[in-house]
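Colleague: Sequence:
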Amino acid sequence: MKIAIDLQACQTDSRDRGIGRYAFSLAKAMVQLGPPAVTLMLDGGDTVRLRDLRGRLRHDNVLAPALSYHYPTAGLASGDGSSDVRRGAGVLRARTLGALQVDAVLVSSVFEGFDGGAGITTSLDDASLRGIAKVAIAYDLIPLIFAARYLADGSEYNDWYRRKLEEFQRFDLFLAISDATRDDLIEFAGIDPERIRVIGAGVDDAFIAASASASAPASATDSAGDVEILRALGIKAPFVLTVGNGDWRKNNEGALKAFSRLSKKVRRSHQLVFTQVGDEVTKGLEAEFSSIANRVVVLGKVEESVLNTLYRRCAVFFFPSRYEGFGLPVLEAMSFGAAVVSSNAGALKEVLRCEDASFDPEDTDQAAAILERALTDVAFLAQLKDGAAAHAGSFTWEPCASKALDAISHLVGSRASPSHDPWEPSSADVSMMADAVTASINGFDSLARGLTAIREGAARRILVDVTCVVETEARTGIQRVVRNYCIGLHVWAQLQHDVEVVPFRWAHDGLVHSARAFARDSLGVDMPGADGPLEVHPNDVAFMLDSTWEWPERFDAFLEQVWKSGGEVVWMVYDLVPILVPETCHPGMPPVFRHWLTHAARCADGFICISEATRTDLEAYIDEVLPSSARRPWSRSLHLGSDLESGAHIEPTEQGRELVQKIGKRAYLLAVGTLEPRKDHDTILRGFEEAWHQGVDVALVIVGKTGWNVEALVSRLEKHAEAGRRLFWIQHANDGDLGMLIKGTAALIQASKSEGFGLPIVEAGSQGIPLLLSDLPVFREIAGNEATYFAVGDSLSLARELEKGFKAGGWASPVGIKTMTWRESSERLGEELLSRNSVVSPGP
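Going by numbering that gives the first Met the number 0, the letters in the sequence shown line up with residues 0 to 843, in that order.
Hints are computed from structural coordinates only; laboratory data are not their basis.
Values in this document were obtained by computation on a predicted structure and should not be read as measured data.
Among the clues, some could well be false.
Pairwise CB distance ranges, derived in the manner of DEER restraints [said to hold, decoys possible]: (1) Val-624 - Gly-153: 34 to 44 Å; (2) Val-301 - Ala-146: 26 to 36 Å; (3) Glu-653 - Pro-532: 42 to 52 Å; (4) Ala-415 - Val-624: 21 to 31 Å; (5) Asp-530 - Asp-15: 55 to 65 Å; (6) Arg-148 - Pro-398: 32 to 42 Å; (7) Asp-355 - Lys-235: 29 to 39 Å.
Even for Gly, the Cβ is constructed at its ideal location relative to N, Cα and C.
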């Protein structure tokens, strides 16, 4: 069984409400439970909101394919467009879902789009789904229940809601979030009970984690921090908290009335705190409730971290809602151990723990009496608090997801398999699309993207930057990684059948061109097709793999097209050396690199780092350059592959064989890496000089070409008294030479001041070669306790370790260091880029 979950409700204005939070949490739990296979569908009508949702999925590690659908949009602040736009959007949205060849579509919310959706259009054409089972989450029918309040005859909202209700009633299955909602579906919408399944709701993981932290004993610093937050909000006394929005049913006026009827002593010693409110509160504080205005704080919309503080620190959480389809705020407050006093309307009676703390929302005297008791009766307050967090914690998403999947599976099993024939638009379809384009604000571009998304279905493309490799034909360092990943990703993609890898380069005409010819000619990859300006497709992932650090703005127009098409932009980070240790780099590199990384942090959707240590450094840098309010890119770490695991056999050169003969039977240690300040060969040489002085008779072999600013070191190596006897340096060695030297060495030595990974350590350590390493976090990450460490830049510390190992007859051999082939690393990279579960296939 294959299911598509349409997360449009996480992109309309519902994304900031309970509906958006519910839809996201349920989808996340369904993905985590799998199977069945779940594809997440995102609305491409608003690029900013689409990127926000993709980022949220990544940050929450929701590992499922996430694809976008596109259509000509309304571009209106409210409503979901003209009838022409709605019809066109409904067909394109449904046809994109159908192109995935799924058995069922779960729509996160049908009643979306009226009150502002940034041009997002919410229709879904029934006929275009062609037999695919349609499932809807049913939250509530509050407008129908309170029709006199919400559905005035002739009003625009009444017409819109009635139209949506007709769409809603045609669904095959309804997942009700409470028993109350189930009863309302039957009574007010005439839904057959057999088409309804109650799945309940859970408390968001973020609240569970935050509340667990809150339940731990608070430090003085934490308490002081909360106090500062509250003071900044104008909260200076014990407070009653009410959350919600300006909707009439939230009954914020009831909270004002109840607070105003508290005894004078209690009112004067407490404050009433609202988040979002409507006119009834602001006007009431100017008139009827002006006498308590100085005890009332209206905050408006607050960040989640601030809301957590409010839940944690409130004296009582007061929730006078006239009706709820479930009542998540009550459970959220309880998860922080808050004392909750709430109305018993709708589904609230299903989530409340203490009946004595509930009231009729229209009975202000009853509400005020219970609230006063909670604020003054110590025993009653303790009763409300004790067990509150445990009660909230019993509402988890896993059983909700399990019930949803079971219900959908039963529905699919009872129906004939849907037809998945390709869509061949009729003349009527063409005419309808033309009308939609005419009535929209973005016309043919959005229509073209929508049709391409339908044509490609679940297929994805990874666009790989190879600009510098094409220009320089370099084969070392980063360029070596670029080449290996470009080949490895292509091989992996061919095994997936629905993934294509397209290398690209920035050209001097100012456009991005495909680089298929380079892949064929230089990488030996079978990649047919002519090169030219690269056309972006929906859901492409632009992987900025190469070291294109100079002038990153040249890619901006191309990346903008990726975002408009619903795709992602991911940058590769090898290390932060030019920022962390700029003195070890060429003087021109640090400012160039800092500019690049700052630009990338501000525009990227995500980063792939070659080690967890590098990812930690990156996250710290992002903290430095991004304001807390900015969209934060996600980050992941992935270790590189190893050429020594490729299975290829390369013979050593004559130069390499002669070197081994010169060393003779004397034990030697091997240092691999370009001679540059960051590799700190100077510390290695001074450490060996001290060890030799102490009688340690081992040789040092250095393999690495001359880098920059090492003239003095090169002179010392060439003129050294031990040169050719216990000191050897070769600048050029092939993989055969390196393999031979690693196999015969007594230990590998790395003295780097900073690194992004450390491939020689993996390659040597995986063969059981002892390791002497400078004490860097990334080296600890790779080698753990299976290496000998010396202080960074400390030649005496190194000399001591050389002497210890020499006297002990050698250094301990590692046994637990493993390498990945480039094939395995590429497979993991591909799965990460497409946000899918990474399962490495067995090697050949």
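Colleague: Against this structure, judge whether each hint is valid.
Modeller: Hints, verified against the model:
For the pair Val-624 and Gly-153, the beta carbons lie near 54 Å from each other, so the given range of 34 to 44 Å is not met. The beta-carbon spacing between Val-301 and Ala-146, approximately 32 Å, falls within the hinted interval of 26 to 36 Å. Evaluation of the 42 to 52 Å hint for Glu-653 and Pro-532 yields a pass: the beta carbon distance comes to about 48 Å. Between Ala-415 and Val-624 the beta carbons are some 56 Å apart, a value that contradicts the proposed interval 21 to 31 Å.
Distance hint check: the CB atoms of Asp-530 and Asp-15 are about 45 Å apart, inconsistent with the given range 55 to 65 Å. The given range of 32 to 42 Å is respected by Arg-148 and Pro-398, whose C-beta atoms sit roughly 34 Å from each other. Under the hint 29 to 39 Å, the C-beta atoms of Asp-355 and Lys-235, about 30 Å apart, fit the expected range.
When the structure is compared with the earlier hints, violations turn up for hints 1, 4 and 5 and for no others.
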